[in-house]
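So the protein sequences, as listed, match chains X and Z. Its first residue numbered 1122, the first sequence is counted upward by one per residue in the working numbering. Its first residue numbered 37, the second sequence is counted upward by one per residue in the working numbering.
Hints should not be assumed to be uniformly reliable.
To be verified - The list that follows gives simulated cross-link-like pairs (lysine-lysine, DSBU-like), each with its CA atoms no further than 35 Å apart:
{"#": "1", "chain 1": "Z", "residue 1": "Lys251", "chain 2": "X", "residue 2": "Lys1235"}
{"#": "2", "chain 1": "Z", "residue 1": "Lys251", "chain 2": "X", "residue 2": "Lys1178"}
{"#": "3", "chain 1": "Z", "residue 1": "Lys86", "chain 2": "Z", "residue 2": "Lys187"}
{"#": "4", "chain 1": "X", "residue 1": "Lys1236", "chain 2": "Z", "residue 2": "Lys44"}
Just so you know, these hints were derived from the structure itself, not from any lab.
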Amino acid sequence: MIYFYNVTKEYGRGSGVRDLNFTVHKGEFVCIVGASGAGKSTILKLIYMAEAPSAGKVVVDNYDSSMLDPSQIPYLRRRVGMVFQDFQLLRDRNVYENVALALRVMHINRREIKKRVLHALNSVGIGHRAQYYPQELSGGEQQRVSIARAIIKDPIVLLADEPTGNLDPEVAREILALLQRIHEKGTAVVMATHNYNLIKNTPFRRIRVEDGTLVTQ
Amino acid sequence: MSLGFLIKEGFSGLTRSKFPSLVAILTIAIALTLLGLSYLAGSEIYSVMKRMRSQFEIEVFLLPNTTEYDQGQIETVLKQTTGVAQYRYVSKDEAARRFQEEFGEDIYSVLDANPLPASYTIKMDPAHQNSSDITQLVQRLKKLKGVDEIKYRQNFLRLIERYYKAISIAGGILLLIILTASVLLVGNTIKLSIFAKREVIHIMRLVGATNRFIKTPFIVEGMLHGLLGALMATIFLYGILLGANYFLSGFLQHSFAMEPPFFGAIFLAGILFGLIGSSRSVRMFLNTKPAVHK
Chain X
1122 MIYFYNVTKE YGRGSGVRDL NFTVHKGEFV CIVGASGAGK STILKLIYMA EAPSAGKVVV
1182 DNYDSSMLDP SQIPYLRRRV GMVFQDFQLL RDRNVYENVA LALRVMHINR REIKKRVLHA
1242 LNSVGIGHRA QYYPQELSGG EQQRVSIARA IIKDPIVLLA DEPTGNLDPE VAREILALLQ
1302 RIHEKGTAVV MATHNYNLIK NTPFRRIRVE DGTLVTQ
Chain Z
37 MSLGFLIKEG FSGLTRSKFP SLVAILTIAI ALTLLGLSYL AGSEIYSVMK RMRSQFEIEV
97 FLLPNTTEYD QGQIETVLKQ TTGVAQYRYV SKDEAARRFQ EEFGEDIYSV LDANPLPASY
157 TIKMDPAHQN SSDITQLVQR LKKLKGVDEI KYRQNFLRLI ERYYKAISIA GGILLLIILT
217 ASVLLVGNTI KLSIFAKREV IHIMRLVGAT NRFIKTPFIV EGMLHGLLGA LMATIFLYGI
277 LLGANYFLSG FLQHSFAMEP PFFGAIFLAG ILFGLIGSSR SVRMFLNTKP AVHK
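Use the sequences and the hints to build the structure in full.
Right, dumping it as structure tokens:
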């Protein structure tokens, strides 16, 4: 489902990733582990095609980075859910509107949007906060909203870039448990984290990145 | 959907970012007011000069014994000369009537006979109101039998020749400078108001919005800024014109007209400012690297 073929991404001064080869299968949970600056975020950016490889190619579903027209990127992103350490929520819109945005860009009708938003919010345990604004919520709650926005479009994969980076350990475990539940329902998850302790007891495949290269997978 | 949603989003943009919106609207209003005022000042100067030029006349006085044949010769020359817009024969009797109108005294009550000569009053086309054309005409007329004296305001002609072109060019340059400054000012303000929303653009791209989906609300919002700016400029200009008509009525022979096409042009310029400014600015943000976070 996600294929990296000899992928190199250079940013200059030796940063970036080099010669990556790996696959993420349908419904799999993969943790990308490594220190800050090791290249974890770059790998995720290559998957949602915010970056193009300097060499090699990335294939996600039917989208091939070596042949992709930039106008196709929005359609790829509708198949990929994304969660970030800093939540990336719009502060001038309430929780409902933030989550609905992911469907509005897909031109889905209002009734369907309402049904799916409420369902998504309930499934991440934040249904009672629909009318709140992000700044009125705790970090854990904001991350739940961002997860709801990511899963509402039934993505083939959920990409989580340090999703627990801004959260205290207990809330971090809750978020990880939520991602596990989403995975159990059949969605593939690729999570980048520098917090090995958080995932050491999970059964998921780990890809270790050091200085831009894969050490183990 | 989703044009309705996108238009609604454009309207919501006004309330979501009140301060940048207000700054954009005010900037457009000020720019349009300046443009409107410079246009009004320019057209006022132009119409004053036009009025002055329309009053410029050449008077050809005839000798007392001029025959009808001589007059015919004079009229043939006037008809043949390009640049003569119109001419009129003023008989001795009419000259006497004019004298009475101007000085309030019947010339026959002062003198036994009417000493005022008959004459031709000539008006030139504005394009030919220059020394060389007029001197040429005067030279031709002077050679004709029956022509006594030819009078015109030479100083006035020189004044027009010297300043008309200069004022036209200076006015054009000034208008161009104000227009350029307005466009740059409005463009930058809109850019800043969109810069304040770069987060929205970034997040929309992350969730899979197409460029058109992202652009449309910004363009609607930009046009609304322009429309509201134009409305404000119209109010400013209307107030200024009312004030000018009230306070300057003693100095000016006419009042400033509140012409609908002028205000229509202000609205059109406002909407265009908003439309072009916002679409250029949002395109600039969309043309940056693909969406990245952090």
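Outcome of the hint check:
no. : hint                   : verdict
1   : Z:Lys251 <-> X:Lys1235 : 24 Å, holds
2   : Z:Lys251 <-> X:Lys1178 : 30 Å, holds
3   : Z:Lys86 <-> Z:Lys187   : 21 Å, holds
4   : X:Lys1236 <-> Z:Lys44  : 21 Å, holds
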